[in-house]
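Just so you know, the protein sequences line up as chains C and G, in that order. The first sequence begins at 28 in the working numbering and counts up by one. The second sequence begins at 54 in the working numbering and counts up by one.
Bear in mind the hints are in silico, worked out from the structure with no lab data behind them. Wrong hints could be hidden among the right ones.
Stated by the list, open to error - Which bits of chain C does chain G cover? Going by a derived footprint, with three or more residues having C-beta under 8 Å, they are:
{"no.": "1", "region": "36-47"}
{"no.": "2", "region": "148-160"}
{"no.": "3", "region": "200-212"}
{"no.": "4", "region": "217-223"}
{"no.": "5", "region": "299-307"}
Stated by the list, open to error - Cross-link-like lysine-lysine pairs, in silico, DSS-like; alpha carbons within 30 Å at most:
{"no.": "6", "chain 1": "G", "residue 1": "LYS328", "chain 2": "C", "residue 2": "LYS119"}
{"no.": "7", "chain 1": "C", "residue 1": "LYS140", "chain 2": "C", "residue 2": "LYS130"}
{"no.": "8", "chain 1": "C", "residue 1": "LYS119", "chain 2": "C", "residue 2": "LYS29"}
{"no.": "9", "chain 1": "C", "residue 1": "LYS119", "chain 2": "G", "residue 2": "LYS305"}
{"no.": "10", "chain 1": "G", "residue 1": "LYS305", "chain 2": "C", "residue 2": "LYS130"}
For each residue, glycine too, the CB sits at the ideal point set by N, CA and C.
Given next are the chains, with one letter for each unit.
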Amino acid sequence: MKYAFYPGCVAKGGAPELYDSTLLVTQALGIELEELTGASCTGAGVLSERNPELADTLNARTFAMAEKLGLPLMNVCSTCHGVMSQANARLKQDPEYLARVNKHLAPEGLEYKGTTEIKHLLWVLMEDVGPDKLRAMVKQPLGDLKAAPFYGCYIVRPSWVLGYDEKPQRKHYLEDLIEVLGAEPVEYKGATQCCGFPILTMNRTNSLTMTGNHVSEATAKGADCMVTPCPLCHLNLDGGQVEAAGVVREHLDLPVLHLPQMVGIAFGIDHEKLGLHKNFVDTKPLREKITGRLS
Amino acid sequence: MQANLRVRRWDPDGDRTVRYDEFTVDLHENAMVLDALLDIRENQDETLSVRCSCRSSICGSCAMKVNGASTLACNTKLKDVTPNGTTVTIEPMGNMPVLKDLVVDLEVFWNKIHAVKPWLQPEGPDPVREYIVADEHMMNLINTVQCILCGACVSDCTVMEVDPSFLGPAALAKGYRFAADPRDGHKQERLETYAQPGGMWDCTHCYQCVQVCPKGVAPMEWILQLRHEAEAAGLTNTNGVRHSQSLAESVKESGWLDEAKLAMDSYGALGDKMKLVPIGVRSLLKGKMPKTGPFHHKRPGADHVERIFEELEGKHS
């Protein structure tokens with residue numbers, strides 16, 4: 028199993044623990060990754076707002092790199108995943124548009140034929156690896172741990188661009204994965220809502236209220252942690268939790284794990300290597316709950 | 054087919070507590086959710102309040118939440134929302150006060166629509182005959198004129214949930230419909246109004262309104278288009294424009310995001326920039342060193358990214 032790996036900006040920047048834990052988990056599963064080191068930012072939905080053709084061209088360039096390697100593309104960010112899926116749909120459905128875009132790729136010796144498959148790590152785990160193999164890899168069952176899934180908008184909506192019509196089970200992959208790893212998924216309204224991150228600098232109060240409400244609701248439903256496949260959501264839910272607590276005037280103290288961190292814990296991978304000490308909200312009590320119970 | 058429904062009930066003249074009543078209906082294979090609700094009202098509980106009229110997804114009266122997502126009850130097949138015999142949950146729309154059972158007070162919705170002045174405001178003398186508009190000028194407006202004002206997008210808007218002052222998807226899409234109409238003479242004034250706090254820059258891009266709109270209006274897409282128009286019209290002194298410009302510059306120059314610079318650039322005032330200090334300090338204390346080292350630098354192939362920018366900048370389809 029091999030993928031062209033698109034880490035995105037945040038895993039290489041502000042959330043290095045996502046990058047490290049992704050490599051460790053895929054390595055444990057025998058998945059080979061060839062990193063697309065020369066790929067650009069997807070534009071995060073902001074660039075396409077300014078100039079859709081420019082954003083699609085940059086993404087076509089990335090897809091062409093994966094296509095050249097003959098590999099499906101794997102990303103680790105709900106936002107990257109959604110932006111890429113939308114760009115890919117536009118490029119695939121309009122050959123004239125694709126030809127126009129390709130003119131800008133030609134000077135670099137690239138051409139996108141429209142065959143690259145885009146997969147988030149979550150989909151790779153649930154569709155390509157499969158629950159049985161994941162279950163067999165669990166060395167540290169998460170027991171009665173309650174984990175609140177937080178998807179990130181772009182891996183959920185619009186559902187028709189993300190293949191939900193053909194694969195409706197994608198709606199509950201995070202819950203399924205939590206169960207496969209031996210934990211209990213928390214059902215709460217916030218799971219598929221917006222974390223607020225995109226408007227953090229435009230309307231800080233609204234942004235942090237969203238984060239505060241979701242963390243508060245998950246906590247009230249008994250969650251021991253949140254888990255997210257989106258590093259941008261992670262920035263608000265984890266990085267902004269202290270400020271969000273001030274805005275919603277509640278005490279909030281809920282660890283927020285990156286998706287591969289949670290998988291890595293269950294696989295028995297060293298917590299330090301998974302970068303769990305780098306999460307903003309202290310993960311130590313959570314880790315003690317998991318390991319302490321077994322020791 | 055038999056189907057089970059769980060319907061949220063609330064009666065201002067009753068005991069004023071929310072309850073969920075369960076009903077079973079036996080209807081034909083292609084019955085809609087609205088058919089089931091009307092059947093319940095006719096045959097099981099005449100006190101159930103539902104608002105509806107055309108039953109053809111034109112009037113926009115019967116928007117409500119079906120399994121948590123707003124939609125038109127008359128346009129939603131019962132069998133699609135009760136797969137494998139599961140019970141479907143029916144609730145009134147969100148972000149608006151409930152009057153009774155499934156009927157909400159739409160005043161909030163209409164106030165916002167009115168706030169964007171949803172009528173043409175032409176300048177200059179009246180034309181002798183009708184206004185002639187070229188087809189290409191109306192192409193962008195096709196989606197927005199399809200809005201039937203049902204309120205589904207407002208019901209599920211994640212921003213309105215935390216901030217009722219947000220103009221919201223329906224009103225902003227309606228605003229775009231007039232701002233972009235070549236017959237309108239108040240585009241600049243409209244853009245200035247819509248760019249105020251609580252307007253276009255408060256949308257989170259969450260795609261809820263795109264997902265739930267039963268008529269394919271995709272309100273969010275038009276809010277983003279408004280932002281583009283606002284920047285082009287010189288309304289650049291907002292954190293939204295600064296954020297957008299900084300992101301584009303960062304990708305153009307280096308191929309990827311300079312996260313720290315993007316955050317700093319987005320805030321205009323020094324006092325606002327200072328809000329970033331705590332998260333910056335916490336990142337350092339947590340040892341969150343970027344994988345590429347402490348300083349932002351170009352990605353391999355960034356020269357080609359810059360070339361693509363230069364070839365396509367200024368072009369907006």
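(request) List in ascending order the numbers of the hints, as given earlier, that are violated by the structure. (result) 2, 3 and 6
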